[in-house]
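The listed protein sequences derive, respectively, from chains A and B.
Residue 12 in our numbering sits at position 12 of the first sequence, with consecutive numbering throughout.
Residue 57 in our numbering sits at position 57 of the second sequence, with consecutive numbering throughout.
Keep in mind that the hints were calculated from the coordinates and are not lab data.
A few of these clues could be false.
When the alpha-carbon atoms are kept at most 25 Å apart in a straight line, the in silico SDA-like pairs for lysine to any residue are as follows [what the hints assert, rightly or not]:
#1 B:LYS65 x B:PRO39
#2 B:LYS7 x A:LYS70
#3 A:LYS56 x B:LYS65
#4 A:LYS70 x B:GLN41
#5 A:LYS99 x B:ARG15
#6 A:LYS70 x A:VAL44
#7 A:LYS57 x B:SER1
#8 A:LYS99 x B:GLY16
#9 B:LYS65 x B:ASN82
#10 A:LYS59 x B:ALA97
#11 A:LYS99 x B:GLN14
#12 A:LYS57 x A:GLU5
#13 A:LYS70 x B:LEU45
#14 A:LYS99 x B:SER1
#15 A:LYS99 x B:ASN72
#16 A:LYS99 x B:ILE12
#17 A:LYS99 x B:CYS13
#18 A:LYS70 x B:ALA97
#19 B:LYS7 x A:PRO39
#20 A:LYS99 x B:PRO71
#21 A:LYS99 x B:GLN24
#22 A:LYS99 x B:GLN51
Residues on chain A that point at chain B, a partial pick, calculated with CB under 8 Å [stated by the list, open to error]:
#23 SER7
#24 GLN9
#25 ILE13
#26 GLY16
#27 GLU38
#28 GLY42
#29 PRO43
#30 LEU46
#31 THR84
#32 LEU88
#33 LYS99
#34 PHE102
#35 GLY105
Residues from chain B that keep clear of chain A, each with C-beta distances beyond 12 Å, as calculated [to be verified]:
#36 GLY16
#37 GLN28
#38 VAL62
#39 PHE66
#40 PRO67
If you're wondering where the values come from, they're calculated on a predicted model, not measured in any experiment.
Note that beta-carbon positions come from the ideal geometry of N, C-alpha and C, so glycine has one too.
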Amino acid sequence: TQLLEQSPQFLSIQEGENLTVYCNSSSVFSSLQWYRQEPGEGPVLLVTVVTGGEVKKLKRLTFQFGDARKDSSLHITAAQPGDTGLYLCAGAITGTASKLTFGTGTRLQVTL
Amino acid sequence: SAVISQKPSRDICQRGTSLTIQCQVDSQVTMMFWYRQQPGQSLTLIATANQGSEATYESGFVIDKFPISRPNLTFSTLTVSNMSPEDSSIYLCSVEAFSGRAIETQYFGPGTRLLVL
Numbered sequence: 001t002q003l004l005e006q007s008p009q010f011l012s013i014q015e016g017e018n019l020t021v022y023c024n025s026s027s028v029f030s031s032l033q034w035y036r037q038e039p040g041e042g043p044v045l046l047v048t049v050v051t052g053g054e055v056k057k058l059k060r061l062t063f064q065f066g067d068a069r070k071d072s073s074l075h076i077t078a079a080q081p082g083d084t085g086l087y088l089c090a091g092a093i094t095g096t097a098s099k100l101t102f103g104t105g106t107r108l109q110v111t112l
Numbered sequence: 001s002a003v004i005s006q007k008p009s010r011d012i013c014q015r016g017t018s019l020t021i022q023c024q025v026d027s028q029v030t031m032m033f034w035y036r037q038q039p040g041q042s043l044t045l046i047a048t049a050n051q052g053s054e055a056t057y058e059s060g061f062v063i064d065k066f067p068i069s070r071p072n073l074t075f076s077t078l079t080v081s082n083m084s085p086e087d088s089s090i091y092l093c094s095v096e097a098f099s100g101r102a103i104e105t106q107y108f109g110p111g112t113r114l115l116v117l
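Taking the hints into account, I'd like the entire structure generated from these sequences.
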């Protein structure tokens, strides 16, 4: 059973466009991480959010953790070809320290 | 953060054989994990590698098929036994470390790409 659903599954946009990726669950998470994975590599951590309602910015990327800590979003402003990759959210469920549940993934392609 | 290496980076194997994947971390860590990522899919946790005791396997994964060793706090191995084409995947090692604000999170190795013919 996949506890974390991401949408959209695939996204192909042109350079300069904005986009938002959603990560939704019915479970409460003690923390939530976002990763980006490029072909041939392991996932690379982008951010960790822990507080309900928290907003974190990483250059053109804005991450938000839902107030109830059940969902999160990733917004990219003015996408660039270097943003291309598989974006994965992963949640640590309260009470099960350390174990991460990964989302279904969003594959983003940014073209010139 | 932590720097993690895996060997081999990729391999092509015949069905019925076994492959052992190594994971090395540049610092001592308590928690190490092994994941599988099938083509075009997300990550699925196989097991938690416990130092000094048997690994803890997730539902659907068993020790006979995926034996794991964890001889010390910087090293672990995962063996994929009696391989079949369905075992073709990327196998990823991860470790738990502390990011800023003392938040526990996981860092991943580059993965081992396995193709079983």
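Cross-check of the supplied hints:
Using a Cα cut-off of 25 Å, the hinted pair B:LYS65 and B:PRO39 holds, with the two alpha carbons roughly 20 Å apart. Only pairs whose Cα atoms come within 25 Å are accepted, and B:LYS7 paired with A:LYS70 is rejected, the gap being roughly 36 Å. For a cut-off of 25 Å, the pair hint linking A:LYS56 to B:LYS65 is broken: about 41 Å separates their Cα positions. Under the criterion of a C-alpha separation no larger than 25 Å, the hint pairing A:LYS70 with B:GLN41 is consistent with the structure, at around 22 Å.
For a cut-off of 25 Å, the pair hint linking A:LYS99 to B:ARG15 is broken: about 31 Å separates their Cα positions. Restraint check for A:LYS70 and A:VAL44: satisfied, since their Cα atoms lie roughly 22 Å apart, inside the 25 Å limit. Distance check on the hinted pair: A:LYS57 and B:SER1 sit about 19 Å apart at the alpha-carbon level, within 25 Å; holds. For the suggested pair A:LYS99 and B:GLY16, the alpha carbons sit about 31 Å apart, so the restraint of at most 25 Å is broken.
Distance hint between B:LYS65 and B:ASN82 is fulfilled; the C-alpha atoms sit about 7 Å from each other, no more than 25 Å. The suggested pairing of A:LYS59 with B:ALA97 holds, with an alpha-carbon distance near 24 Å, which does not exceed 25 Å. The straight-line distance between the Cα atoms of A:LYS99 and B:GLN14 is roughly 32 Å, outside the 25 Å bound, and the hint therefore fails. Between A:LYS57 and A:GLU5 the alpha-carbon distance is near 22 Å, which keeps this suggested pair within the 25 Å criterion.
At most 25 Å may separate the alpha-carbon atoms for a hinted pair to count; A:LYS70 and B:LEU45 meet this at roughly 20 Å. Simply put, A:LYS99 and B:SER1 have alpha-carbon atoms about 17 Å apart, close enough for the 25 Å limit, and the pair holds. As the CA atoms of A:LYS99 and B:ASN72 are separated by approximately 20 Å, the hinted pair is consistent with the 25 Å bound. Taking the CA atoms of A:LYS99 and B:ILE12, the gap is about 30 Å. The hint is violated against a cut of 25 Å.
Straight-line distance between C-alpha atoms of A:LYS99 and B:CYS13 comes to about 30 Å, which puts the hinted pair past the 25 Å bound. Using a Cα cut-off of 25 Å, the hinted pair A:LYS70 and B:ALA97 holds, with the two alpha carbons roughly 23 Å apart. With a C-alpha separation of about 18 Å, the suggested pairing of B:LYS7 with A:PRO39 holds against the 25 Å cut-off. For the proposed pair A:LYS99 and B:PRO71, the alpha carbon gap of about 21 Å is at most 25 Å, so the pair holds.
For a cut-off of 25 Å, the pair hint linking A:LYS99 to B:GLN24 stands: about 20 Å separates their Cα positions. The hinted pair formed by A:LYS99 and B:GLN51 meets the criterion: a straight-line CA distance of about 16 Å does not exceed 25 Å. Checking A:SER7 against chain B by beta carbon gives a least distance of about 13 Å; that is not within 8 Å, so the hint is violated. This hint is violated: A:GLN9 has a C-beta 10 Å from the nearest C-beta of chain B, more than the 8 Å allowed.
A hinted interface residue such as A:ILE13 counts as satisfied when its beta carbon comes closer than 8 Å to some beta carbon of chain B; here the least separation is about 20 Å, so the hint is violated. With its C-beta approaching chain B no nearer than about 27 Å, A:GLY16 sits outside the 8 Å limit, and its interface hint is violated. Interface hint at A:GLU38: violated, since its Cβ lies 11 Å from the closest Cβ of chain B, which is beyond the 8 Å cut-off. The beta carbon of A:GLY42 comes within 4 Å of a beta carbon in chain B, closer than 8 Å, and the hint placing it at the interface holds.
The restraint placing A:PRO43 at the interface with chain B holds, with a minimum CB-CB distance near 5 Å, inside the 8 Å limit. With its C-beta approaching chain B no nearer than about 11 Å, A:LEU46 sits outside the 8 Å limit, and its interface hint is violated. Using the Cβ-Cβ criterion of 8 Å, the hint placing A:THR84 at the interface with chain B is not satisfied: the shortest such distance is roughly 15 Å. Hint status for A:LEU88 relative to chain B: holds, with the closest Cβ pair at about 6 Å, below 8 Å.
Because the closest C-beta pair between A:LYS99 and chain B is about 7 Å apart, less than 8 Å, the hint holds. About 4 Å separates the beta-carbon of A:PHE102 from the nearest beta-carbon of chain B, less than 8 Å, and the hint is met. Interface hint status for A:GLY105: upheld, as the beta-carbon distance to the closest one in chain B is roughly 4 Å, under 8 Å. With 12 Å as the threshold on Cβ separation, the claim that B:GLY16 sits away from chain A holds: the shortest Cβ distance comes to roughly 27 Å.
Listed as a non-interface residue, B:GLN28 keeps its Cβ farther than 12 Å from every Cβ of chain A; the least gap is roughly 16 Å. Every Cβ of chain A is farther than 12 Å from the Cβ of B:VAL62; the closest lies at roughly 18 Å, confirming the non-interface assignment. Interface exclusion of B:PHE66 from chain A stands, the closest Cβ pair being 17 Å apart, more than 12 Å. For B:PRO67, the requirement that its beta carbon stay farther than 12 Å from each beta carbon of chain A is met, with the minimum near 20 Å.
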